[in-house]
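Protein chains: 2
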Amino acid sequence: MISKRLRGSLDSSICIRDIFEEGKKMAAIYGSENIFNFTIGNPSVEPPAAVNEAMKEILDTEKPLALHGYPANVGHPEVRRHIANYLNGKYDCHYTEQGIIMTSGAAAAIVVIANSLLDNGDEVVTFAPYFWEYKSYVETLYGKLVPALCNMETLQPDPETFEAALSPKTRFVLINTPNNPTGAVYTEESIRMVTDILKKKQEEYGHPIYLVSDEPYRKLAYDIEVPYLTHYYENTIVVYSYSKALSIPGERIGYIAMESCVQDYEDLIAGMTASMRYLGYVNAPSLQQKMLLKCVDASVDISIYQETRDILYHALTEIGYTCIHPDGAFYLFLKALEEDDTKFCERAKEEKILMAPGTAFYGPGWVRVSYCVPADVAKRSVPAFKKLYDKYQK
Amino acid sequence: MISKRLRGSLDSSICIRDIFEEGKKMAAIYGSENIFNFTIGNPSVEPPAAVNEAMKEILDTEKPLALHGYPANVGHPEVRRHIANYLNGKYDCHYTEQGIIMTSGAAAAIVVIANSLLDNGDEVVTFAPYFWEYKSYVETLYGKLVPALCNMETLQPDPETFEAALSPKTRFVLINTPNNPTGAVYTEESIRMVTDILKKKQEEYGHPIYLVSDEPYRKLAYDIEVPYLTHYYENTIVVYSYSKALSIPGERIGYIAMESCVQDYEDLIAGMTASMRYLGYVNAPSLQQKMLLKCVDASVDISIYQETRDILYHALTEIGYTCIHPDGAFYLFLKALEEDDTKFCERAKEEKILMAPGTAFYGPGWVRVSYCVPADVAKRSVPAFKKLYDKYQK
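Line order of the protein sequences matches chains L and A.
Sequential numbering of the first sequence, starting at 1, is according to UniProt numbering.
Sequential numbering of the second sequence, starting at 1, is according to UniProt numbering.
By construction, these hints were calculated from the structure, which means they are not laboratory data.
Any given hint could turn out to be false.
Which copy is meant is left open, because identical chains are indistinguishable; a pair holds if it fits in one copy or across any two.
Capping the alpha-carbon separation at 35 Å, the derived lysine-lysine pairs in DSBU-like fashion look like this [as the list claims (entries may be wrong)]:
#: 1; residue 1: Lys-25; residue 2: Lys-63
#: 2; residue 1: Lys-24; residue 2: Lys-63
#: 3; residue 1: Lys-63; residue 2: Lys-294
#: 4; residue 1: Lys-4; residue 2: Lys-200
#: 5; residue 1: Lys-294; residue 2: Lys-56
#: 6; residue 1: Lys-63; residue 2: Lys-219
#: 7; residue 1: Lys-144; residue 2: Lys-4
#: 8; residue 1: Lys-4; residue 2: Lys-169
#: 9; residue 1: Lys-352; residue 2: Lys-335
#: 10; residue 1: Lys-219; residue 2: Lys-335
#: 11; residue 1: Lys-63; residue 2: Lys-379
#: 12; residue 1: Lys-63; residue 2: Lys-90
#: 13; residue 1: Lys-169; residue 2: Lys-144
#: 14; residue 1: Lys-25; residue 2: Lys-294
#: 15; residue 1: Lys-349; residue 2: Lys-63
#: 16; residue 1: Lys-63; residue 2: Lys-352
#: 17; residue 1: Lys-4; residue 2: Lys-199
#: 18; residue 1: Lys-24; residue 2: Lys-56
#: 19; residue 1: Lys-352; residue 2: Lys-387
#: 20; residue 1: Lys-4; residue 2: Lys-343
#: 21; residue 1: Lys-56; residue 2: Lys-219
#: 22; residue 1: Lys-386; residue 2: Lys-25
This is chain L alone, in the form it adopts within the complex:
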């Protein structure tokens, strides 16, 4: 008796969480130390101490009624101002308090943007492979998600598939770099290609195409610059989450950021403000907002992720696996050893290796290895990966 809309999508979805649940069952049978679970993107590095310190200080010093009361739908003014100033200093931008809308994480931000922009049948283009929930966000709010497959040799956006995916119905392009599931950081060259095509198409269609940059992994980039997209394209809307930078995904805090040069800026802010209410968010949690006054530049120790990435990348390529060097996030995209990535994942389970099939991310033939696990687990998994590889050589 649930809605037909939902029924259809539930039946067709491959839920990574189910695989994760299966991992828990396997751990119960074989012992968790004997399972190599690379399925879910749950941060494994401790939050910086500043998070708890900030929360306690706020609880000790602010008046409870004001602290826990309703802020404006768009968030506390001093928090929004603080974030605007931080971004302006860090990325040489021109944000003001007005252009920052506090949201319950990046997922909420994307849904708020979708509700603000999409009428029935409008299209959203994203680069595939992509985070599978994108489809749910867009389709729940009346849109259609159109994937533009990356060049699978480089995992970078491809000009031909991208241009072919755009249409007069495209309201926004959703870009995610560093990328989930591939770990790729889109190069400045890729960004220029994407934004050049967008500028051309905007002119051709006679209406704006917004570039929505979903950046929860921005801080998790290893010895590489992640281009800041406002410098390449005026109609950029940045979506950010502190889930990964501070290892606090359960606390649901992030923001939408727009410079005033974004077309229909005031109108968009009004629409997003209303959408915060219409979608039942009302406002992002108040304590988590205030915490950012003291943690806006804090970060987890990313060298821990980097170490695990290096162990796995070197070991897997040495064994003979194909994978593109992942420069960010905590994902490594691995070419399956047979065409059917789901079957490959099933076979890997025999070696107690759990991975997410690329088909779930519109990246068939590949698998996602989430390396947000202790370095020790990565090390111990290497013989199992070797055994799996050898099985395919017979």
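Given chain L, work out where chain A should sit, using these hints.
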């Protein structure tokens, strides 16, 4: 360039927050002590000390990575179990951990339920006057809100308008008691009438009609019992928020509760779990969830609201105003002294009284007085109300 869906609703909405903003402007001109602002439902009684104590203890004792990490979409198991046990003891129910889904407040819960149940054109019936955002929640998620006007002499549900509002397209009935905007607590007699009609109509239509009970004001009831609806109707889905009971509306925490006798129970849980993700919620904020382990039965001091209610109710009726005795929440519904409630509100502003027009709540000819203000403000407003009344006697 925002979506046409949103544009239409923005243009037609009467936003109470705008009136509240106007109040702030008036306060700047005349001094806040000279303005009687009864427009917005922002709790004015201090949160119980247990809230901050619980949060600090959790921050001091739990491991940060687990505390701030992803809980299940439906919430922390121990929190859900704790709430189930509490409700079973308090209201003699039969909830289990599985039947409790933690949400970012009651608004989020209603949107999650709407997304789980509504296909395009499905209907939701609610008793008018109603909280104006109901329309936005339902219509954003594909439904149509159908109001059933209460008996305006008693502010209780009316059997004739209710039965007329139901149709084979009705997926759920949204009920809110204690009520925003009227302050009415629906009597046991009203509840029996409503649920008897629902039982009859379910049979007639051959499919379930869920009764969604939105109860953020349950704890704010003055010397009166608020019937617990699961005792009257099996297909009841309870929606709760701690915003008012604990004066923490900025923190966004609440739940959905279903007993296993609810039709299609497992299916609904699967749909709601998916909807938590599809709507971008992912999960209710983790720290706020855990806080409930220590605050599930805590409450603000409701005698403070009751005192203000008594001052206003007695003074206003003595002057000659018509209002029905408000037994719960912090709202008093007052009959306007002219047919056009918006004009009446405008005229009240001349006396520095700010109220919300009933038209915004589908209760034309009346106005909402939010008495979540200091008792002193209520007392000092009485001469202004008298002057306003006298103006209409000429």
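Subject >> Status of Lys-294 relative to Lys-25 across identical chains (alpha carbons, at most 35 Å) >> reply: between (40 Å within a copy, 31 Å between copies)
Subject >> Intra- versus inter-copy proximity for Lys-219 and Lys-63 (alpha-carbon distance at most 35 Å) >> reply: Both, since 33 Å and 23 Å are each at most 35 Å.
**OP:** Have a look at Lys-352 and Lys-335 and pick one of within, between, both or neither, based on CA distance no larger than 35 Å.
**Re:** Answer is within; shortest intra-copy Cα gap is 18 Å, inter-copy 70 Å.
Subject >> Intra/inter-copy verdict for Lys-144 and Lys-4 if alpha-carbon distance must be at most 35 Å >> reply: both (17 Å within a copy, 16 Å between copies)
Original post:
Is the C-alpha distance from Lys-63 to Lys-90 at most 35 Å within one copy, between copies, in both cases, or in neither?
Top reply: Answer is both; intra-copy 32 Å and inter-copy 31 Å each pass.
Original post:
35 Å Cα cut-off: does Lys-386 pair with Lys-25 within a copy, between copies, both or neither?
Top reply: Within. Shortest intra-copy distance 24 Å satisfies the 35 Å Cα cut-off; inter-copy 70 Å does not.
Original post:
Between copies, within a copy, both or neither: which fits Lys-4 and Lys-200 at Cα up to 35 Å?
Top reply: between (39 Å within a copy, 25 Å between copies)
Original post:
From the Cα coordinates, with 35 Å as the cut-off, is the pair Lys-56 and Lys-219 best called within, between, both, or neither?
Top reply: both (25 Å within a copy, 28 Å between copies)
Original post:
Which holds for Lys-25 with Lys-63 at a C-alpha limit of 35 Å: within a copy, between copies, both or neither?
Top reply: between (46 Å within a copy, 24 Å between copies)
**OP:** Using 35 Å as the alpha carbon limit, work out where Lys-169 and Lys-144 are close: within a copy, between copies, both or neither.
**Re:** Cα proximity of Lys-169 and Lys-144: in one copy and across copies (10 Å, 26 Å).
Subject >> Lys-4 and Lys-199: within-copy, between-copy, both or neither at 35 Å Cα >> reply: between (38 Å within a copy, 24 Å between copies)
Original post:
For the identical chains here, do Lys-219 and Lys-335 meet the 35 Å Cα criterion within one copy, between copies, both, or neither?
Top reply: within (26 Å within a copy, 57 Å between copies)
Hint compliance for this structure: every hint is met.
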